[in-house]
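A.B. asks: Here are the chains, one letter per residue:
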Amino acid sequence: MSELAQILRPDFLLHDALVASVLVGTVCPLVGVYFVLRRMIFLGVALPQVSAAGIAFAFLGYKIVVGPHEHFEVSERLVAVLGSVTFTLGVTLALSLFERRGRGTVEARIGTTYAVAAAATIIFLAKDPHGDAQMVNLLKGDILATTSASLATMEVVFAVVVVVLFACRKELLLVSFDRDLAVVFGKRAVLWDLLLYLLIGLIISFGVMTAGPMATFGFLVVPAVTMRLLARRMLTFSLGAAVLGAVTAFVGFYCAFRFDLPLGPAEVGVASVVLLVVGVTTRILGALGRWQAT
Amino acid sequence: MSAALLDLQDVSVGYNGTPVLEHVSFAIERREFNALLGPNGAGKTTLLRAILGLAPLLAGRIDYGFDRLASPPGYVPQRDTLDPIFPLTAFEVVLMGTYAKLPPLRPAGTVQRQLAARCLEQVGLSALARRPFWAMSGGQKQRVLIARALAVEPEIMLLDEPTAGVDRQAELAISEVLASLNREHGMTVVLVSHNLGHIQSTVQSVIWVDEGQAVKQSADTLPAAAALPSLVHPRSATR
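Here the protein sequences line up with chains A and B, keeping their order.
The numbers in my numbering rise by one with no breaks, and the one at position 254 of the first sequence is 254.
Position in the second sequence counted from 1, then plus 294, gives you my numbering.
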C-alpha cells in the first residue's frame with residue numbers, strides 16, 4: 001500500500017505521467033464507443049499505427065532538414081505532434097472519403113492502411129537511427145517522459161474534444177445509428193462524420209504521443225467493448241466506458257509502478273482482465289436467468 | 295408549393311446511372327393512404343428512397359407540398375437496417391424523431407421528451423419505454439419506429455415494409471395504428487408492401503410497381519385479399 005500512497009502524493013515524481021495516463025484512459029473510450037458502435041474497431045488499430053508512421057516521418061524530416069534531434073527536447077515533441085496530427089487527420093479524411101464513395105470493402109481499406117503504415121514506420125526509422133530509439137520508447141508507452149508543458153497541451157486538446165463530443169452527441173448518435181434518417185432530416189451527415197473523424201484523429205494523435213499506439217488502441221476499444229456488455233443506454237455506455245478507462249489506467253499505472261512493468265502493456269492488461277471478468281460474469285448471469293425462466 | 299402533397303413528374307430512379315423505374319408520374323393527395331405494391335426487386339424501396347431524397351433522381355422531378363427542411367416526412371425504415379449493437383431504449387429511439395426540428399448543438403429538452411412519450415403512447419408501448427430496443431420483438435420494434443416517425447410531427451409518413459417478418463398479432467397491431475393515424479389524425483401514409491394483409495381495407499390508392507413502371511390506381515380495383523399474394527408473388531402462385 002505504500003506505493004499507492006506514494007503515487008497519490010502531489011509531489012510524486014511521476015505525477016504528470018499519472019495524470020496523463022488517466023486522461024488518456026478517460027477520453028479515448030469516449031471516442032472508442034463510436035468505433036464499437038460503427039463496427040470499425042480495426043480502424044482503432046490502423047490509426048494509431050498511422051500516427052506512429054507520422055511521428056517517424058516527422059523525425060526523419062527533422063533530421064534531414066535541421067539535423068539530429070535529442071530525446072525530451074521540446075522541438076522534438078512539437079515535430080512529433082505535427083507529424084502525428086497531420087498523418088492521422090489526412091488518412092482519416094481519406095478513409096472517410098473512400099467510405100463515402102464506397103470504394104472497396106471497409107476491411108480491405110483498413111487492412112491496407114495498417115500494412116502501409118507499419119511498413120512506412122519501419123522504413124522511416126531505418127533511415128533515422130535517433131528516431132528508432134525514440135520510437136521504441138513510444139511503442140512501450142513513453143508516458144513517463146510527460147512534461148508539464150505537454151500535459152497542459154493535452155489537457156486543453158482533450159477538454160475541447162470532450163466538450164465538442166458532448167455538445168454534438170445527438171447529431172453524432174443520429175448519424176451513427178440511422179444515417180438515412182439524418183439525411184431525411186436534412187442533417188449534413190458527411191460533415192458530422194468529418195467532425196467525428198477529426199475528433200478521433202486528435203485523440204489518437206495525442207494519445208499515441210503520450211501513451212503509445214498500443215495503449216491508445218487498448219483504451220479506444222477495450223473499455224467500450226466491456227461497457228457494451230453492461231450498458232442499456234447510450235449515456236451509461238459512454239460515461240461508463242470513460243470511468244472504466246480512467247480506473248483501469250490508474251490501476252495499470254499502479255501495477256506498472258509496483259511491479260516494475262512497462263506502463264502501456266500493464267494498462268491494457270488490466271483493462272483486458274476487467275473485460276474477461278465482466279464477459280464471464282454476464283454470460284453466467286445470462287445462463288442463470290434463462291435457466292430460472294425455464 | 296404543389297397542391298398535392300407529393301407530385302412525381304416523369305421521374306426515373308436507379309443506381310449508378312442505370313434506371314430501375316422510368317417515366318413515373320403520379321400525385322399523392324393529403325390524407326390519402328397509399329400502398330406501393332409489387333414483386334420483390336421491382337423497385338418499390340428504390341422509389342420510396344427517391345421520394346425521401348435518399349436515392350438520386352436520374353430524370354424528372356418531385357414537387358413537395360410541404361417544406362421538407364422545416365417539417366421532414368416521417369420515415370419508418372425496414373427494422374433490420376438498424377444495428378442492434380446500439381444500447382438504446384425504446385424511448386431513446388423515439389426521442390431521435392424530435393431531432394428533426396432541433397437545431398444543431400441543442401439537446402432534447404422537456405418538450406421533446408413529452409412529445410416522445412406521447413408518440414410511444416400512441417402506438418401502445420408506453421409501458422416498454424425503458425426496454426432496450428434490441429431486446430424487443432419485431433412487431434414492437436416496428437411500432438417504436440412508427441412512434442419515432444410520429445415524433446417528427448410529419449405531414450406524411452413513409453414506411454418500408456412495416457409488417458414484413460412479424461407475426462399476425464403484431465401485423466394487426468401495426469395495421470390498426472396506421473389506420474388510426476390516417477382516419478383520426480388525417481395522416482397521409484405511403485407504405486411499401488408485398489402483402490397488404492389487415493391493412494387492405496384502409497388503403498385508398500395503390501401504386502403498382504413492376505417491370506420498370508409504377509402506376510397509380512384506386513384501391514377499389516384491388517382484387518380480394520386472398521388473390522393479392524398471387525399478384526405480387528406470381529412465381530409462388532404458379533408452384
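It should be emphasised that the hints constitute simulated quantities derived from the structure, not laboratory data.
Do not rely on the hints blindly, as some may be mistaken.
Unchecked claim - DEER-style ranges, computed between Cβ atoms:
1. B:A364 x A:L230: 36 to 46 Å
2. B:D304 x A:T105: 31 to 41 Å
3. A:A94 x B:I379: 21 to 31 Å
4. B:P397 x A:V277: 22 to 32 Å
5. B:Q463 x A:L229: 50 to 60 Å
6. B:V405 x A:G90: 49 to 59 Å
Unchecked claim - Which bits of chain A does chain B cover? Going by a derived footprint, with three or more residues having C-beta under 8 Å, they are:
7. 35-42
8. 166-179
9. 225-237
Every value quoted in this text rests on a predicted model; they were computed, and no experiment measured them.
Ideal Cβ placement from N, Cα and C applies to all residues, glycine included.
A.B. asks: Looking back at the numbered hints, which does the structure fail to meet, lowest number first?
C.D. replies: Numbers 4, 5, 6 - these are the hints that the structure violates, sorted from lowest upward.
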